[in-house]
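Protein chains: 2
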Amino acid sequence: MTPKGFLFSTAEAAIKYPGRKDLALIYSNNEAVIAAAFTTNKVKAAPVKLDIKKAASGKGQAIIVNSGNANACTGKQGLKDASLTADMVASELRINPELVYVCSTGVIGTPMPMERIRTRIPELIDNLGISSMKDVARAIMTTDTFPKIVHKKVKVGSRTGCVAGICKGAGMICPNMATMLCFILTDIAVEHKTLGRILVEAVRQSFNRITVDGDMSTNDTVIVMANGTTGNRPITGKSEAYQQFRKSVHDITYELSKMIVKDGEGASKLIAIEVKGARNEKDAGTAAFAVANSNLVKTAVYGNDPNWGRILAALGYSGATVKEENIDVFFGKLKVVNRGVTTGSDEEAAGIMKEKELKITINLNLGKASFNVLTCDLTEEYVKENATYKT
Amino acid sequence: MTPKGFLFSTAEAAIKYPGRKDLALIYSNNEAVIAAAFTTNKVKAAPVKLDIKKAASGKGQAIIVNSGNANACTGKQGLKDASLTADMVASELRINPELVYVCSTGVIGTPMPMERIRTRIPELIDNLGISSMKDVARAIMTTDTFPKIVHKKVKVGSRTGCVAGICKGAGMICPNMATMLCFILTDIAVEHKTLGRILVEAVRQSFNRITVDGDMSTNDTVIVMANGTTGNRPITGKSEAYQQFRKSVHDITYELSKMIVKDGEGASKLIAIEVKGARNEKDAGTAAFAVANSNLVKTAVYGNDPNWGRILAALGYSGATVKEENIDVFFGKLKVVNRGVTTGSDEEAAGIMKEKELKITINLNLGKASFNVLTCDLTEEYVKENATYKT
Chain P
1 MTPKGFLFST AEAAIKYPGR KDLALIYSNN EAVIAAAFTT NKVKAAPVKL DIKKAASGKG
61 QAIIVNSGNA NACTGKQGLK DASLTADMVA SELRINPELV YVCSTGVIGT PMPMERIRTR
121 IPELIDNLGI SSMKDVARAI MTTDTFPKIV HKKVKVGSRT GCVAGICKGA GMICPNMATM
181 LCFILTDIAV EHKTLGRILV EAVRQSFNRI TVDGDMSTND TVIVMANGTT GNRPITGKSE
241 AYQQFRKSVH DITYELSKMI VKDGEGASKL IAIEVKGARN EKDAGTAAFA VANSNLVKTA
301 VYGNDPNWGR ILAALGYSGA TVKEENIDVF FGKLKVVNRG VTTGSDEEAA GIMKEKELKI
361 TINLNLGKAS FNVLTCDLTE EYVKENATYK T
Chain X
1 MTPKGFLFST AEAAIKYPGR KDLALIYSNN EAVIAAAFTT NKVKAAPVKL DIKKAASGKG
61 QAIIVNSGNA NACTGKQGLK DASLTADMVA SELRINPELV YVCSTGVIGT PMPMERIRTR
121 IPELIDNLGI SSMKDVARAI MTTDTFPKIV HKKVKVGSRT GCVAGICKGA GMICPNMATM
181 LCFILTDIAV EHKTLGRILV EAVRQSFNRI TVDGDMSTND TVIVMANGTT GNRPITGKSE
241 AYQQFRKSVH DITYELSKMI VKDGEGASKL IAIEVKGARN EKDAGTAAFA VANSNLVKTA
301 VYGNDPNWGR ILAALGYSGA TVKEENIDVF FGKLKVVNRG VTTGSDEEAA GIMKEKELKI
361 TINLNLGKAS FNVLTCDLTE EYVKENATYK T
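As you go down the protein sequences, you meet chains P and X in turn.
Heads up: the first sequence at position 127 corresponds to 127 in this note's numbering, and the numbers run straight through without jumps.
Heads up: the second sequence at position 235 corresponds to 235 in this note's numbering, and the numbers run straight through without jumps.
With the rest of the complex left out, here is chain P:
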């Protein structure tokens, strides 16, 4: 199921190496309402700088995206290259260049192979409609092991629309966002401000609550395009369909972010961390991320080792207010730490850890705030992948 009024194509541009589709185009038949969220890293890739400016208009019609090269740390030439890419696509499509967004992911610091991209653009446009949204999801993969796509139906009055999202993730995943590109497309008409508000909230509840390795990328981008092909009256905060539409975007970003963590570089397990009983949400988040980013916790989970002491150590240095003698820790439903000391159930805990998904619940017993973070374990495979990613 794909939102109506969008066309897709992919091409081989041999950006990093030949033999794979590494260039994709997303095109809406008409000018769409767009909202976007970008990395908060101070070092931003050229296409991110470009798109931030374009997104201010709230309008868009096409997204050209490549894997293999991030076009980050490429100076003025990088900015020229990103602009030129948008211009070339716009010229072929005969639309305003301001409506064309550019997204890149891959190696940092290497100039874009512009000639190879240029020669593929006519083909991309000629082939629009031949590829599926899933083909685009596949073309934007870097170290991902599977394409990530989620879609939802939404009833708007008598009509039925569709919201679909794709993303790529894998490494360098940390709030806010990740080496993460996400495109959400819908044929439902949505008023611009409403769309922006929904996106910001959804990102905060999903992509900003996952971490693979604590590294935040220069290229993170989430773009949502609503082209209104369904023909409904644009959704606002007062529309009957508002809640259902909002929920579909939240569900899509949450499910995609979960997929990203499951597919974390070298990951063998998904770890869901919930900190509750914190004095306030900031503390809960700080504590949850300290545990989620601890290499010692992540390797212990990998090794099925109920080494909860590392969790307490991470809570202790997190900066959040904690009292050792108040802390409870659960693995699944099993209490392993009661008020700061062992419950003597490590053997049973080791059994629970053998599952592919581990829920760690931490109750600080100091207040009522809570925070959830998804992460994955740290394995030899992560080291192997990242020791030789570039070369």
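Hints in this document: simulated from the structure, not taken from any laboratory.
These numbers were taken from a predicted model, which means no experiment stands behind them.
Honestly, I wouldn't trust all of these hints.
One copy or any two copies: either way a pair holds, since identical chains are not told apart in the list.
[Unchecked claim] Quick list of in silico lysine-lysine cross-link-like pairs, DSSO-like style, CA-CA up to 27 Å:
| no. | residue 1 | residue 2 |
| --- | --- | --- |
| 1 | Lys80 | Lys335 |
| 2 | Lys16 | Lys354 |
| 3 | Lys21 | Lys134 |
| 4 | Lys323 | Lys42 |
| 5 | Lys323 | Lys76 |
| 6 | Lys323 | Lys80 |
| 7 | Lys384 | Lys258 |
Take the given structure of chain P and dock chain X to it, following the hints.
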């Protein structure tokens, strides 16, 4: 060369497993002046809580230290056990229990095997003088691969004294300090406040500027004992020998901290990171630690991959003020990034990375502040060691 007036012994208490010396005693023939620094982790091990109280007196005569069990997250029983250990040693030595410090390192959350420790204490005291300071350094190793010891001669007037330090490190090494125990002994008399000030400064310049995995331990302790056997007039800030003594403590802590990083769990390379040209020292430190703790930077160094883009990404998310277009990066003396863009010398850089020590210099070109951090690479071996440390 060992400071005069100190005796050492070691014993096998099978704390984690049998067949190794895991208990050690350091004893000064007379009451010594002591100063100490402890972990800033809010979750502190029982012996740390105990020693913090004792150190307020500025006096000490013995340190009993064990590996294999950290006596952390062990609740009230843990505190009782730590106190009892000090009491038992004091009773056998016939000294005031307030003069006996207890240090532990090893697994968190497991009760101390007190019976096995108790039965070894008479032997420890009987054997005082049989072991060397290096034997103690060996007994406190956990995942360390070599004992760490440094000594310096210091001239005080017509006399010559000695300062010697031992430590254990390996994993969970991050400021402030680490799973790190360090004992510095000297036969030179030093006034208490002067000793305290020198220690704080030395720790700030050494142990607080190293990181292995970003995890900070619950047990970090540095104790310096000055027993005055040399017979000099106690050194104060005004003494002629002050600078030389101060330098010897700084050199010892710096050399020991470098050994800790070299011996980081699974480490194959030492990485020295210098950030200069920062607006202020806080920014320089924040930036340096973000690079030093980045798993992506550490794996790239392991793989001899000059992926400097990961360095720029880490600087960008560090929170420090940076301007991409101002940043220079050097590997050794080779400039790899000039004003935010590549110098095209990646191939040469890859060659430099094959050395066992890599110096990464980052000039933010925004001000005059600088900061140095030592770290190591991240390898499959780190993951292996930490996935199965407890079980």
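Hint-by-hint comparison with the structure:
1. Lys80 x Lys335: Close across copies (24 Å), not inside one copy (57 Å); limit 27 Å.
2. Lys16 x Lys354: Close across copies (24 Å), not inside one copy (37 Å); limit 27 Å.
3. Lys21 x Lys134: The answer is within: 12 Å in one copy meets 27 Å, while 60 Å across copies does not.
4. Lys323 x Lys42: Cα proximity of lysine 323 and lysine 42: across copies only (8 Å, versus 35 Å in one copy).
5. Lys323 x Lys76: Intra 51 Å, inter 14 Å, cutoff 27 Å: inter-copy only.
6. Lys323 x Lys80: Only across copies: lysine 323 and lysine 80 sit 19 Å apart there, 53 Å inside one copy, limit 27 Å.
7. Lys384 x Lys258: Classified as both; 23 Å inside a copy, 26 Å across copies.
This entry satisfies every hint, going by the numbered hints stated previously.
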